[in-house]
Amino acid sequence: MTVRDVIEGRVWVLGDDVDTDGIIGGKYLTIIDPEELKKHVFEIALPEFAGGARTGDIVVAGENFGCGSSREHAPQALRAIGVGAIVADSFARIFYRNSINLGIPTIEAKGVRRLFEKGDPARIEMRAGRVTNARSGASATFPPLPHHLLELLEVGGLVEKVRLELEHRKAAARAAP
Amino acid sequence: MSAPSGAGQTLAEKILARAGGLERVVPGQIVEGKVDLAMMHEQGAQTVGPFHQMGAEKVWDPERVVIAIDHWVPASTEGAAVLHRILRKFAAEMQLPHFYDVGNHGICHQILAENGWVVPGDLAVGTDSHTNMLGAMGALAAGIGPTEMAAVLALGQLWLKVPPTIRVRVRGRLGPGVTAKDLVLRVLGEIKTTGATYKAIEYCGPTIEGLSMPERFTICNMTTEMGAKAGMVSPDQKTFDYLAPIAKHAMHPLRPDPDAFYERTVEIEVDGMEPMVACPYSPDNVRPLPEVAREHVKVDQVFLGSCTNARIEDLREGAALMKGHRVAPGVRFIVSPASTKIYEQCLREGIIQTFTEAGAVFTNSSCSACFGGNMGILAPEEVCASSSNRNFPGRMGAKQARIYLLSPAATVAAAIRGELADPREMM
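Quick mapping for you: the protein sequence lines, in order, are chains B and X. Counting from 1, position 175 in the first sequence corresponds to residue 175 in the numbering used here; the numbering is continuous, with no gaps. If you count the second sequence from 1, you need to add 177 to reach the numbering used here.
The set of hints was computed from the structure by calculation and includes no laboratory data. Treat the hints with care, since some could be wrong.
Stated by the list, open to error - Below, computed lysine-lysine pairings styled on DSBU-like, alpha-carbon distance capped at 35 Å:
(1) B/K170 to X/K211
(2) B/K110 to X/K211
(3) X/K576 to B/K110
(4) B/K27 to X/K369
(5) X/K266 to X/K338
(6) X/K425 to B/K110
(7) B/K110 to X/K338
(8) B/K161 to X/K518
(9) X/K415 to B/K39
(10) X/K338 to X/K235
(11) X/K415 to X/K475
(12) X/K338 to B/K118
(13) X/K211 to X/K475
(14) B/K118 to X/K369
(15) X/K338 to B/K27
(16) X/K338 to B/K170
(17) B/K39 to X/K425
(18) X/K415 to B/K27
(19) B/K110 to X/K369
(20) X/K576 to B/K118
(21) B/K161 to X/K415
(22) B/K161 to X/K475
(23) B/K161 to X/K338
(24) X/K576 to B/K161
(25) X/K425 to X/K235
(26) B/K118 to X/K518
(27) X/K576 to X/K415
(28) X/K338 to B/K39
(29) X/K266 to B/K27
(30) X/K266 to B/K170
(31) B/K170 to X/K425
(32) B/K170 to X/K235
(33) B/K39 to X/K518
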C-alpha cells in the first residue's frame with residue numbers, strides 16, 4: 001500500500017482508550033498469519049467489525065487508540081482487513097509507530113471522533129491536513145505528517161524503506177574502489 | 178514546543194543526543210539513534226519475516242541482541258512452539274549467542290536487568306511495551322513493534338522523536354506495608370493513562386533516591402501505563418553498585434542538567450499515603466485500598482507475578498505475610514517468579530514451600546496469568562487481585578472478568594481473606 005493524497009472510505013467508529021487487548025486478545029498472539037488474525041480483530045471492542053468491514057473502510061476512534069501492549073498483531077490485523085486509514089483524537093505511541101511502519105495512513109486529528117457516526121463517508125486530505133465527513137460537511141484539521149513519516153508511507157512502510165536503504169548501501173559498497 | 182535557548186537538557190534529551198551523535202537535541206526533533214541493546218521475546222518471531230524481506234543478511238551486532246522467551250514457557254500451545262522454533266532457528270542462523278531459552282528463562286525485562294544488559298546512558302529497545310522498566314538504570318528504554326525491530330537488527334538504529342519530559346518529584350517516607358507499587362499507582366492516578374503519551378517521565382526527589390533498584394524497576398515498569406515513551410531515574414551510587422558486578426558493556430552515565438526544561442512537574446507527597454488499588458477497567462482508576470476493602474470485594478483468583486512485581490524482594494515480602502496462614506477456601510492463588518534465577522532463590526529460601534503449603538500454586542517463571550493467553554485465565558464475572566500492570570477488559574481472559582491491581586503484599590492479603598484487604602492489618 002502506498003499512500004494517496006486523498007483517502008475516502010466508509011467509517012467505523014470506536015470510543016476512547018481502545019487498548020490492544022480490545023483489538024486482538026492475548027489468546028490470539030501465537031497467530032502469525034494476518035489472514036487468520038483479521039478474523040478476530042476488535043472481537044472485544046467492536047465485535048461486528050471483523051465480519052462487516054470491507055477493504056478501504058476507515059477506522060475512527062477517540063483518545064488513546066491502541067494503548068496497552070506493543071503487539072503489532074493489532075495493526076497487522078487491520079492492514080489485513082485492508083483499512084484505508086486509521087484516524088483518532090490521539091494514539092498510544094507504540095501503536096502509532098507500528099501502524100505507520102506497516103504503511104497504514106495513521107492520522108491524529110483532535111476532535112475527529114465526534115464528527116462521525118457509523119457508516120458515514122469520510123474524506124481525508126493528507127497534505128492539506130483535513131478530515132471531512134462527506135455527509136454532514138463537518139471537518140477536523142491535523143498537522144500534516146512530518147516529512148520523515150510521509151516518506152515512510154509513500155514507499156509503502158518500513159520494510160520497503162529499509163530494503164531500499166540496504167540496496168543503496170550495497171550499491172555504494174560495490175562502487176567503492 | 179522547544180526548550181528556551183541556553184536551557185539545560187533532561188535525561189531523555191541527553192541520551193538521545195548521545196545516541197544521535199549530536200551536541201544537543203530539543204523536544205519534537207527527529208533523531209536517528211544508535212541502539213545499545215535490542216531485546217526480543219516471542220513477538221520477535223514476527224521480526225524474522227520483515228528482516229528477510231528487507232534483504233538484510235546479518236544482524237548489525239550479535240553482542241547487542243538478547244532473546245528471552247517468556248509469554249509461553251514452556252510452550253503451552255502448538256502456535257507458541259512454532260514461535261519458539263522460529264526464534265531458535267533465527268538465532269542459530271544469525272549467530273546470536275544471547276538466547277535465554279527454557280531452563281534459563283525469565284521475563285524478558287528481568288533477564289535484561291539481572292544480567293546487566295542495560296546500563297546508564299543506553300538507548301535500549303525491546304518488542305514489549307514494558308521495556309520502559311529498564312529506564313531505572315538511567316537509560317532510555319522503549320517498546321517497539323517487530324517490524325521496527327527488524328529495521329533495528331538490520332541497521333542498528335531507529336528514528337525517535339525527542340519527547341518532552343515530565344518530572345515526577347516524590348517526597349516523604351513510605352509507611353510500613355506501603356510499597357513502590359502503591360507509589361506508582363498513586364502517580365498513575367495523577368497522570369492518568371494518556372497524561373504522558375509520547376513523553377518521557379523522570380522520577381526524582383528524596384523518596385526515589387531512597388528506593389532500591391528493584392523498587393525503581395516497579396515504578397519505571399508501570400510508566401508504560403501512562404502512555405510514556407520512557408520512564409527513567411537518573412543513575413546514582415545504587416545504580417552503579419547494582420550494575421558493577423554484572424554490566425555487560427561500558428557505562429556512560431548521563432544526568433539531567435539542573436536547569437533542564439520540563440514540560441511540567443508533578444509533586445507527590447507520600448507521608449501518610451495508604452496502600453493503593455487500581456480498580457477495573459483501567460490502571461488509572463486508582464483508589465485507596467482501605468476504602469475499596471470496606472466494600473468487601475470477593476476474589477476468585479489472586480496472582481502474584483509479572484515483570485512489575487515478581488522479584489525476590491516481592492516474593493520474600495509475600496511469603497513473610499503468607500506464613501502461618503492458608504489461602505482462603507475457593508480462592509486460586511498463583512505465584513510466578515520473574516526469572517529462573519529468582520525461582521532458584523525462592524527454592525533455597527523456603528519461599529516455594531511457604532506458598533505451596535499455604536495452598537498456592539507456585540509456577541515456573543513466565544509472564545504467567547498477566548496477559549490472558551497462557552495460564553490462570555479468568556472466566557466471565559470472575560474477580561482477580563493481581564500484582565501485575567493492566568486491568569483492561571479481557572486482559573486476563575473473559576471480557577467480563579474484573580481485575581484489581583495491587584502491591585505484592587496486598588495480593589497475599591487478598592488470598593488469605595478471600596476478598597480485597599489492607600495488608601497492614603496482617604503485619
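Are any of the numbered hints broken by this structure? If so, which, sorted upward?
Hint check: 6, 8, 9, 11, 13, 17, 18, 21, 22, 24, 26, 27, 33 fail, others pass.
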